[in-house]
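Q: Letter by letter, the chains look like this.
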Amino acid sequence: MSESDSPDDIGTSPDSLDLSPREPSARQRRQRRPWLAMIVLLLVVAAGGVVLTKFLTSAIDYYCNVDEIGAKEGCEAGRRLRIQGIVDVGSVTDNATATEFSMSFGGVSLPVVYEGEPGGIFKECIPVVVHGILRDGVFNGDRIEVKHSNEYEAENPDRIVGETDKGSECSQ
Amino acid sequence: MSNDRVTSTPFTKGLGFFVLLGIALLIILGIFVSPADVNQGESVRIMYAHVPGAWLAYLAFVMTAVSSAAYLWKRTRSLTWDRIAGASAEVGVLFMGISLVTGSLWGRLTWGTYWTWDARLTTTAFLFVTYIGYLAVRGLGGTHQQRARRSAVLALLAVLEIPLVHFSVELWNTLHQEASVAGRGTDVEMNGLMLFTLFLGVVVFTLMYVWLVLHRQRSLMLEDMLDDSGLDHALSERRAEATQAGR
Amino acid sequence: MDDLGFIVASYVVTFVSVALYARGVLHRSRKAARDVPRDKRPWL
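Just so you know, the protein sequences line up as chains A, B and C, in that order. Going from the first sequence to the working numbering is simple: count from 1 and add 439. Going from the second sequence to the working numbering is simple: count from 1 and add 395. Going from the third sequence to the working numbering is simple: count from 1 and add 1007.
So here's chain A without its partners, still in its complex pose (with noise of 0.2 Å):
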């Protein structure tokens, strides 16, 4: 296509140049949606905001080990804490209220009373995080938490499970 008979010139001349609004065509209908992608886009700034708010108001670190208590910073007793720890074995007792058990980590060992039945795969020798306060030594919990490992093992039906347990240190 030669420059000279281009209709690509078109307003130049102001006679030619028709701004009034046209019809859509039918190919033309189908358009882009950008109010829906700036909604979205909001939505996602505005989720992202909550998200952050949510991580810089808790502790980066989610839990204290039993033996941090005191010893790191932002494990101080007397603060709302999260504690992690190993479920000691033939420590745990029910009665009509409350569980009562104690979780040790490091060498450290801390009596927990916790108000209810706890959930999750809760027994012995399973790594927990107990939400709560320390008071005159006793770890008061109002939520567990279970923090299985990240070993997989196949329960094996033949096990005789507590028999061979009961008593001894936690095999893992």
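None of these hints come from the bench; they were simulated from the model. Nothing here was measured: the structure is a model prediction, and the numbers come from that model. A portion of the hints provided could be inaccurate.
[Unchecked claim] Restricting the straight-line Cα-Cα distance to at most 25 Å, the calculated cross-link-like pairs of lysine to aspartate or glutamate (DMTMM-like) are:
#, chain 1, residue 1, chain 2, residue 2
1, A, K562, C, D1010
2, C, K1038, B, D619
3, A, K511, A, D533
[Unchecked claim] If you want the ones that stay clear, here's a sample from chain B, every Cβ over 12 Å from chain A, calculated:
#, residue
4, F427
5, V461
6, G537
[Stated by the list, open to error] Quick look at which bits of chain A chain B covers, simulated, 3 or more residues with Cβ under 8 Å:
#, segment
7, 473 to 486
8, 499 to 513
Where a beta carbon is used, it is the ideal one built from N, C-alpha and C, also for glycine.
Given chain A, work out where chains B and C should sit, using these hints.
A: Quick look at chains B and C alone, frame taken from chain A:
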């Protein structure tokens, strides 16, 4: 023209067959054949959907970044790279969503809670939201080239979050367990059949990823061509009007 | 068993959401393909 063969080829059809076969096999192995875990019991079966979902989401986002770099580099610049980036990010968001939901169900069974703001869960949520934002940016409009350049820059920034997510379990104390297979230690502490099932899960998710990205990339191309043809159509209409008006 | 519901739900969520997404992609391409000539599709 046969309508049901719009984006498929003999290759994607064969691939689709293996995807269906793999899904069936994964369900059989994951739910029925593989053993229950000594601590977690039956709930360990959720891992075979949760972990491959997360890994393939990472891979999808890395693929988005690589394709975006290929678009930005002048020698390889092509809108095909941009469309692969977009398709891959969409599939990545889908897989990440799957991983979040299945992880939440798994967490309820083992931890005793659906959600908690530990470092792994928080960084994952942030990654998920970032890529939804990336997809929204792709939809903002403008020319295909504007879309491609804008989203490519964003993709190269967003991919930097992935190492933070993956290593969050080692950098900080988290409720989430550390990585079992791609962790710092070299020994994999996992029963053989469990490991095989997990491996099968990764294979199945990889095949699903390839199938989905191929189809989505082609459908994005069709949509781009449709936009272009709409533009051509509008231009030729205006030319016709202008020629008439000039006479 | 309580766990079973959660396990089945996680597999259902996984494969149903992938299937729905795949269906959506095929649907969108079919719609777009009506106006794009067959000879312009490089993969065919």
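Q: Evaluate each hint against the coordinates.
A: How the hints compare with the structure:
Of the supplied pair hints, the one linking A:K562 and C:D1010 holds, its CA atoms being roughly 17 Å apart against a limit of 25 Å. In summary, the hint linking C:K1038 to B:D619 is supported, as the alpha carbons are separated by about 13 Å, within the 25 Å threshold. For a cut-off of 25 Å, the pair hint linking A:K511 to A:D533 is broken: about 32 Å separates their Cα positions. At the 12 Å boundary, the C-beta of B:F427 stays outside the reach of chain A, the nearest C-beta of that chain being 14 Å off.
At roughly 23 Å from the closest C-beta of chain A, the C-beta of B:V461 stays outside 12 Å, upholding its exclusion from the interface. The claim that B:G537 lies off the interface is violated: its Cβ sits roughly 9 Å from the closest Cβ of chain A, which falls inside the 12 Å cut-off. Judged by the Cβ-Cβ criterion of 8 Å, the segment 473 to 486 of chain A is covered by chain B as claimed, because 9 of its residues qualify and three suffice. Beta-carbon proximity to chain B at under 8 Å applies to 6 residues in the segment 499 to 513 of chain A; the threshold of 3 is reached and the given coverage holds.
Hints 3 and 6 from the earlier list are contradicted by this structure; the remaining hints agree with it.
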